[in-house]
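Colleague: Protein chains in written order, with full-length UniProt numbering: chain A, 1 to 96; chain B, 1 to 96.
It is worth saying that the hints were derived from the structure and are not from the lab. Careful, some of the hints might be misleading.
If several chains are the same, the list does not tell them apart, and a pair holds so long as it fits within one copy or across any two.
[Claimed, not checked] Only pairs whose alpha carbons sit at most 30 Å apart, straight line, appear in this in silico DSS-like list of lysine-lysine:
1. K18 to K93
2. K77 to K13
3. K93 to K33
4. K83 to K47
5. K26 to K47
6. K93 to K25
There are 2 protein chains.
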Amino acid sequence: MSQLNIVAIFTVKPEYDKEFRVEFKKIVEASRKEAGCVRYDLNQDTKNPLVYVFTESWASQQAIDEHNVTEHFKHFKAFIDGKLEGRQLHILKQLF
Amino acid sequence: MSQLNIVAIFTVKPEYDKEFRVEFKKIVEASRKEAGCVRYDLNQDTKNPLVYVFTESWASQQAIDEHNVTEHFKHFKAFIDGKLEGRQLHILKQLF
């Protein structure tokens, strides 16, 4: 089973932006400690500061499955509920 | 001027998918040779194979500007014209 990459795009409701900064930092720091995590970065769109993009790499689908049941991911998932204008998730295989 | 990351999402019209594979490979190989290119990868969405995602990192905005006037980028830009269902571009700064 080879590496999988994830791009997740969040458009945050403005009233929650400050809270998101705190939660984003927490989930980045916790996720990077996971054994199957190859890369876990959070980016901000330079044109629209309410758009945040996770660029992630995982050793395998199993690593993603394990991530999805961690306390920090479950906490983050509960936190974002109702606080996003939009959300887009791409699970990717690298071609070139 | 610090590093900038780019996520570009292309949804390809099915009739052009084969041609895109050839062109994607060419622009990846040529772009990686550019001095300011830190990372230039092409991914395919595991759920929708007509969705392709570039994940790029550039040393600076100047490096992106130089990339945008290269022959290989201008060729690719002309090639994609009229061949996409959708296109999304995010120029990003890494936060965490």
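Colleague: Which earlier hints turn out false for this structure, listed by number in ascending order?
Modeller: none
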